[in-house]
Amino acid sequence: MDRFVLDFAHMLAGFMVLVSFMLLYQDRMFSLLNVFALQATVLSASVAWQAHVQDAPHLYVTAVIALVLKAIIIPVVLHRVVVRLGIHRNIETVGSIGLTMLFGMGLVALSMVVMLRATAAADPLAREDLAFALSVVLLGLLMMVTRRNAVSQIVGFMSLENGIILAATGAKGMPLVVEISVAFSVLVALIVIGVFLFRIRERFDSVDSHALDEFRGERK
Amino acid sequence: MALIGELIMQGAQMLLVLAAAPLLLGFTRKVKAWLLRRKGPPLVQPYRDLLRLIRKETVLAENASWLFRSAPYLIFAATWVAAALVPTFATGLQFSWTADLIVITALLGSVRFFLALAGMDVGTSFGGIGSSREMMFASLAEPAMIMIVFTVALTAGTTQLSEVADFVFAHASLRVSLALALVALIIVALAENTRIPVDNPATHLELTMVHEAMLLEYSGRHLAVIEFAAALKLLLYVSLIACIFTPWGLAQAGGTPAAYAMGFITYLGKLAIGGFLLVLFETSIAKMRVFRVPEFLGAALMLGLLGTLLLFVSRSF
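Here the protein sequences line up with chains A and B, keeping their order. If you read the first sequence in our numbering, its first letter stands for residue 1, the second for the next number, and so on. If you read the second sequence in our numbering, its first letter stands for residue 221, the second for the next number, and so on.
I should point out that these hints are in silico values taken from the structure, not numbers from a laboratory. Keep in mind that the hints are not guaranteed to be accurate.
Stated by the list, open to error - Covered by chain A, per the in silico footprint, the following chain B stretches (three or more residues, Cβ under 8 angstroms): (1) 393-403; (2) 517-524.
Said to hold, decoys possible - Taking beta-carbon pairs under 7 angstroms as the criterion, some of the chain A residues facing chain B (in silico): (3) V5; (4) H10; (5) G98; (6) M101; (7) A109; (8) V188; (9) L190; (10) G194; (11) F198; (12) E202.
Unchecked claim - Restraint ranges, calculated between C-beta atoms of paired labels, are given here: (13) A:R117 <-> B:P261: 54 to 64 angstroms; (14) A:R3 <-> B:M356: 24 to 34 angstroms; (15) B:L256 <-> A:D7: 32 to 42 angstroms; (16) B:P261 <-> A:V53: 25 to 35 angstroms; (17) B:A478 <-> A:V76: 51 to 61 angstroms; (18) B:L500 <-> A:V76: 43 to 53 angstroms; (19) A:S209 <-> B:L263: 47 to 57 angstroms; (20) B:S359 <-> A:L110: 25 to 35 angstroms; (21) A:F103 <-> B:L500: 48 to 58 angstroms.
Predicted model only: the values in this text are computed from it and were never measured. All C-beta atoms in this analysis are idealised placements derived from N, C-alpha and C, irrespective of residue type, glycine included.
For reference, chain A alone in the conformation it holds in the complex:
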């Protein structure tokens, strides 16, 4: 039974990493948002399982917040933003997807190496979760770096935040207050970014973040 508990937690966290790779692979707006919703759902399942394993009822609240906020509200809002911006038919021209994926593999390997060395004495359940969570965070960062469209950068940012929640629930003892405030700050960030997106578009007629670089004179 104990073995199964560990394996199932391991499985859910591993699935998060897999979904992060799916995010890197997607280049269409709506599929990207759907995959992001899937990631939030998996996160919610993972947090709920941790709540069950650690016998910590407040983690159920976290799970519900993740499910409602990140799997439903944020994707729906972003969906509408994408429709209003009129970029839902755009196919993003990221560099080679294969190369990005390869780079992502390197990041996963890096986080494994770092975490296994750094947490040699920790509880195995927490340890594995941390290694996976760090991978999700790094893959979210990679997504923000490689994408040019502002909306997919936001998705990268949100998936990074998913990784942080995964890390926080794996380690015992994150207070509920912190969790709720993080959730609401993400919501505020969404609103700010949403407003910002429209401002950027008004100013530059595009949500391609390279337009900003050109404006600053960094790129001709």
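Fit chain B to the known structure of chain A by using the hints.
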């Protein structure tokens, strides 16, 4: 006496794959037609097609070499051996010591080699295009397959399929690496069997075709043998996935006749479920551009690599 019994079981396995392969193909076609709200051909249609082709005259191009004539039989023989090595209804059969994942991969690799050579032999442009595309896909699908083999072999501690199945059966639990290997193997299987996101098995004469392009010059019994080999390959991959990831119901070595019968029935059930899921996936997705296929297969390669990497995390406690 025991040896004769085991040889009979092995023979039964070889005949079983031969008999079941066209049936699986017919089943997938039938289900696909149902899902599209059509009636579809009868289940036995693939057998009739094969019989018809065997009876027909074989037309050979004037400049066809001995390679062109012998390739179909080589392809068929290698695929049949590979398909018969995968445990279908029982593990630990007489030849199970050769039923090694790497051997099966190598056999399929040589099948691909002969098929590509045959495609180029006559010198038509279609055949050349088909061969070159097949090789392009193979350069990604084969490393991915090898990575999957590594993941499975490192988990189970052996590359022999019978022992892998016994290991998974005995230590049944959720493992991230095996799950990743499963997803990767499904992608590789779709590409290898020229199923829909990669190639369309129902088309003939289309610019994007890969597998059919290599067969354009074949006719009569040669074509029948190659199509039979393609059906066997589909059966092989479904059995491989069933054997590694769902080994429940497989009869153990030296089991009672009841156990073997049980294994046989569950095997048919697994084939039906596998075929149904395949068709469900195919009908819900569109064919992708040829130039997007390397990315699709690259994902399989990456998943295999990730699975191998994660094993070191699982090992660490």
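Hint by hint, here is what the structure shows:
1. Chain A is given as covering the segment 393-403 of chain B, and this holds because 7 residues of the stretch bring a CB closer than 8 angstroms to a CB of that chain, at least three being needed.
2. Counting residues of the segment 517-524 of chain B whose beta carbon lies closer than 8 angstroms to any beta carbon of chain A gives 4, which reaches the threshold of three, so the coverage claim holds.
3. Because the smallest distance between the Cβ of V5 (chain A) and any Cβ of chain B comes to about 10 angstroms, over 7 angstroms, the interface hint for this residue is violated.
4. Because the closest C-beta pair between H10 (chain A) and chain B is about 6 angstroms apart, less than 7 angstroms, the hint holds.
5. The criterion of a C-beta within 7 angstroms of any C-beta in chain B is met by G98 (chain A), whose closest approach is roughly 5 angstroms, and the hint holds.
6. Look at M101 (chain A): its Cβ gets to within about 5 angstroms of chain B, closer than 7 angstroms, so that hint holds up.
7. For A109 (chain A), the interface hint holds, since its Cβ comes within 7 angstroms of a Cβ in chain B; the closest pair sits about 6 angstroms apart.
8. Checking V188 (chain A) against chain B: minimum C-beta separation of about 34 angstroms lies over 7 angstroms; hint violated.
9. For L190 (chain A), the interface hint is violated, the least distance from its beta-carbon to any beta-carbon of chain B being 29 angstroms, above 7 angstroms.
10. Interface hint at G194 (chain A): violated, since its Cβ lies 31 angstroms from the closest Cβ of chain B, which is beyond the 7 angstroms cut-off.
11. Below 7 angstroms, beta-carbon pairs count as interface contacts, and F198 (chain A) has none with chain B, the closest being about 33 angstroms; its hint is therefore violated.
12. Restraint check, E202 (chain A) versus chain B: the minimum CB separation of about 35 angstroms is more than 7 angstroms; hint violated.
13. Look at R117 (chain A) against P261 (chain B): about 60 angstroms separates their beta carbons, and that is inside 54 to 64 angstroms.
14. Distance hint check: the CB atoms of R3 (chain A) and M356 (chain B) are about 43 angstroms apart, inconsistent with the given range 24 to 34 angstroms.
15. At about 39 angstroms, the beta-carbon gap between L256 (chain B) and D7 (chain A) stays in the expected band of 32 to 42 angstroms.
16. Distance hint check for P261 (chain B) and V53 (chain A): the Cβ-Cβ separation is about 52 angstroms, which falls outside the suggested range of 25 to 35 angstroms.
17. The beta-carbon spacing between A478 (chain B) and V76 (chain A), approximately 55 angstroms, falls within the hinted interval of 51 to 61 angstroms.
18. The hinted range of 43 to 53 angstroms is not satisfied by L500 (chain B) and V76 (chain A), whose Cβ atoms lie roughly 27 angstroms apart.
19. At about 56 angstroms, the CB distance of S209 (chain A) to L263 (chain B) agrees with the hint of 47 to 57 angstroms.
20. At about 27 angstroms, the CB distance of S359 (chain B) to L110 (chain A) agrees with the hint of 25 to 35 angstroms.
21. Checked against the hint of 48 to 58 angstroms, the C-beta distance between F103 (chain A) and L500 (chain B) comes to roughly 34 angstroms, which is inconsistent with it.
Of the numbered hints listed earlier, those contradicted by the structure are 3, 8, 9, 10, 11, 12, 14, 16, 18 and 21.
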